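Protein chains in written order, with our numbering: chain L, 1 to 292; chain V, 293 to 584.
Read the hints as simulated data drawn from the structure, not as lab findings. Careful, some of the hints might be misleading.
To be verified - If you want the footprint, here are the derived chain L segments under chain V, 3+ residues with CB under 8 Å:
(1) 152 to 164
(2) 251 to 262
Stated by the list, open to error - Sample of chain V residues lacking proximity to chain L, with all beta carbon distances greater than 12 Å (derived):
(3) Ser-302
(4) Pro-333
(5) Ile-344
(6) Ser-359
(7) Pro-384
(8) Asp-388
(9) Ala-475
Predicted model only: the values in this text are computed from it and were never measured. All C-beta atoms in this analysis are idealised placements derived from N, C-alpha and C, irrespective of residue type, glycine included.
Protein chains: 2
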Amino acid sequence: MIGIDWGTSSLRAYRFARDGKVAAHRYTPRGILTVPPDGFPGTLRAVVGDWIADGEDRVLMCGMVGSRQGWREAPYLPCPAGLDGLAGAAIPIPFDGATVQVLPGLTCRDRHGVPEVMRGEETQILGAARDGAEMTVCLPGSHSKWARVKDGSVLGFTTHFTGEAFAVLSSHTILARMMDTAAPHHAGGFARGLARARQGGGLLHHLFGLRAAALFDEMQEDEAASTLSGLLIGHEVAAALEDGVAPPVLLIGADHLAARYAAALDIFGVPHRLAEPDAAARGLWRVAEHLP
Amino acid sequence: MIGIDWGTSSLRAYRFARDGKVAAHRYTPRGILTVPPDGFPGTLRAVVGDWIADGEDRVLMCGMVGSRQGWREAPYLPCPAGLDGLAGAAIPIPFDGATVQVLPGLTCRDRHGVPEVMRGEETQILGAARDGAEMTVCLPGSHSKWARVKDGSVLGFTTHFTGEAFAVLSSHTILARMMDTAAPHHAGGFARGLARARQGGGLLHHLFGLRAAALFDEMQEDEAASTLSGLLIGHEVAAALEDGVAPPVLLIGADHLAARYAAALDIFGVPHRLAEPDAAARGLWRVAEHLP
Numbered sequence: 001m002i003g004i005d006w007g008t009s010s011l012r013a014y015r016f017a018r019d020g021k022v023a024a025h026r027y028t029p030r031g032i033l034t035v036p037p038d039g040f041p042g043t044l045r046a047v048v049g050d051w052i053a054d055g056e057d058r059v060l061m062c063g064m065v066g067s068r069q070g071w072r073e074a075p076y077l078p079c080p081a082g083l084d085g086l087a088g089a090a091i092p093i094p095f096d097g098a099t100v101q102v103l104p105g106l107t108c109r110d111r112h113g114v115p116e117v118m119r120g121e122e123t124q125i126l127g128a129a130r131d132g133a134e135m136t137v138c139l140p141g142s143h144s145k146w147a148r149v150k151d152g153s154v155l156g157f158t159t160h161f162t163g164e165a166f167a168v169l170s171s172h173t174i175l176a177r178m179m180d181t182a183a184p185h186h187a188g189g190f191a192r193g194l195a196r197a198r199q200g201g202g203l204l205h206h207l208f209g210l211r212a213a214a215l216f217d218e219m220q221e222d223e224a225a226s227t228l229s230g231l232l233i234g235h236e237v238a239a240a241l242e243d244g245v246a247p248p249v250l251l252i253g254a255d256h257l258a259a260r261y262a263a264a265l266d267i268f269g270v271p272h273r274l275a276e277p278d279a280a281a282r283g284l285w286r287v288a289e290h291l292p
Numbered sequence: 293m294i295g296i297d298w299g300t301s302s303l304r305a306y307r308f309a310r311d312g313k314v315a316a317h318r319y320t321p322r323g324i325l326t327v328p329p330d331g332f333p334g335t336l337r338a339v340v341g342d343w344i345a346d347g348e349d350r351v352l353m354c355g356m357v358g359s360r361q362g363w364r365e366a367p368y369l370p371c372p373a374g375l376d377g378l379a380g381a382a383i384p385i386p387f388d389g390a391t392v393q394v395l396p397g398l399t400c401r402d403r404h405g406v407p408e409v410m411r412g413e414e415t416q417i418l419g420a421a422r423d424g425a426e427m428t429v430c431l432p433g434s435h436s437k438w439a440r441v442k443d444g445s446v447l448g449f450t451t452h453f454t455g456e457a458f459a460v461l462s463s464h465t466i467l468a469r470m471m472d473t474a475a476p477h478h479a480g481g482f483a484r485g486l487a488r489a490r491q492g493g494g495l496l497h498h499l500f501g502l503r504a505a506a507l508f509d510e511m512q513e514d515e516a517a518s519t520l521s522g523l524l525i526g527h528e529v530a531a532a533l534e535d536g537v538a539p540p541v542l543l544i545g546a547d548h549l550a551a552r553y554a555a556a557l558d559i560f561g562v563p564h565r566l567a568e569p570d571a572a573a574r575g576l577w578r579v580a581e582h583l584p
């Protein structure tokens, strides 16, 4: 079996042994944004064509490849949804001699009726979360996700615009002039931003405070970007905790980003643990076991 | 007497009659960002040289012209500060035969010790606020100000990054793709954003909700920018009210922007009134009366 996690900016391919272990792993930056509308079959062939020729006749894909901008749209599946639901909603795509299927993303509504979406994260979540009691899973990123999971099913989730807000605030506002975004992570600045997020006044007020502190030489160029990061992550974590979480929070993400969220959760006194790597691979394997 | 409100992006000049009424008024887009370091005397001469030649020998300036990037730096004056304080801290600038002076901005600390700054707004505030009991003055903008004023003195103030956050979110993020920023103000969308701001979940979560709603055709291109505006202004007003205000809130600003803040304050049930135009002119005149 071949599993593909095909996102906006990258593609990860996994070749599974019969026992579900990852036998081989390939990475390419050919995310869906780099692929022309008719270029998906050729891209897949280029990445895993030899595995298919070698006898792998099942390919399961998750991520933005199933979006309207991807290869074939797989409509969002409403929560609660688990392995059976995802497997049952997989969309088949004719492809050479193999059985290629693309998984849907998930959707839910927050308690005020506003919609939520994820695509790809659901597979990571179900790959990382153990069956059993309710738990909270956090996936930091451009659009960070906080999901409630129980017995192999995603009950619901909440998205925060944190990573994208950081990107534009640090590069396109007056704050950009006071920060060196190429500076290494500054733990003191990050902690300062987290502490600020816990004070009243609101995020929009806190953002201006960075600028004013720099004017009075109370914020240095090498710490400012980390302080902004801590401020935004702190506001995200505070909002997520207000929503309610079931600790320990399971963190899924690149090490450097997960470490920042771990530091934030420490400040808020919330237990957490880091998921093992390749959650998407394990999720793809688990869903494949439930395919009809 | 000549009063000059010289900001980042524009210059407004007022010629006062002996009784303090504005006898003539000039506007030019030659804000300090358009003026080279040695170009300030020439710019002032081009705008009001004929008034000076006509016998006006006193020029009082406020705004970013007194910043480090302006003509001559007038260091921030700590709050509380009023007409006497501003007048006493005016910095003289040699200029042809006239007495030219530039006023400082104000600074304070919020209750957590984080610095605040304003430059130009203090003159508008003292021009618009009546002496007497404590009141709250709000100046919407790129960096919105909420000031507490009493007996002709600014006690303290808070800044929110609202206007600048709107500018970058609406033009440099994934939200930009779903909104027509050239569409006229959409009152329904604006109210929707305000209502959303009053719900829990945090600003970063609310921002992603705009994106998700558009994906499900629950947010149209012509209302999305107004909804984002309502969302940000709603978060600002909520934070300001949590800080505490003394109603009626006095709004100083361009009509279209003041109207949005008036609508927001209505939603929150807070009385407000709109300041008369040319608050800066009245402030310059009032400070001039206190010059040594």
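Item to check | chain L versus Ser-302 (chain V) - minimum CB to CB distance exceeding 12 Å, so not interface | outcome: 18 Å, holds
Checklist entry - So is Pro-384 (chain V) really clear of chain L, every C-beta pair being over 12 Å apart? => result 24 Å, holds
Item to check | Check on Ala-475 (chain V) being off the interface with chain L, judged by Cβ distance over 12 Å | outcome: The claim holds: Ala-475 (chain V) sits with its nearest Cβ about 21 Å from chain L, beyond 12 Å.
Next on the checklist: Minimum C-beta separation from Pro-333 (chain V) to chain L exceeding 12 Å: can you confirm that?
Outcome noted: Since the minimum Cβ distance to chain L is about 26 Å, Pro-333 (chain V) lies beyond 12 Å and the statement holds.
Checklist entry - Far enough from chain L: is every CB of that chain over 12 Å from the CB of Ile-344 (chain V)? => result Holds, since 33 Å exceeds 12 Å.
Next on the checklist: If I take the minimum Cβ distance from Ser-359 (chain V) to any residue of chain L, is it greater than 12 Å?
Outcome noted: 9 Å, violated
Checklist entry - Any Cβ of chain L at or closer than 12 Å to Asp-388 (chain V), or is the non-interface label fine? => result Answer for Asp-388 (chain V): holds, closest chain L Cβ roughly 32 Å.
Checklist entry - For the segment 152 to 164 of chain L, does the count of residues with a C-beta closer than 8 Å to a C-beta of chain V reach 3? => result holds (count 6)
Checklist entry - With a cut-off of 8 Å between beta carbons, are at least three residues of the segment 251 to 262 of chain L near chain V? => result violated (count 0)
In this structure, the earlier hints numbered 2, 6 are contradicted, and the remaining ones agree with it.
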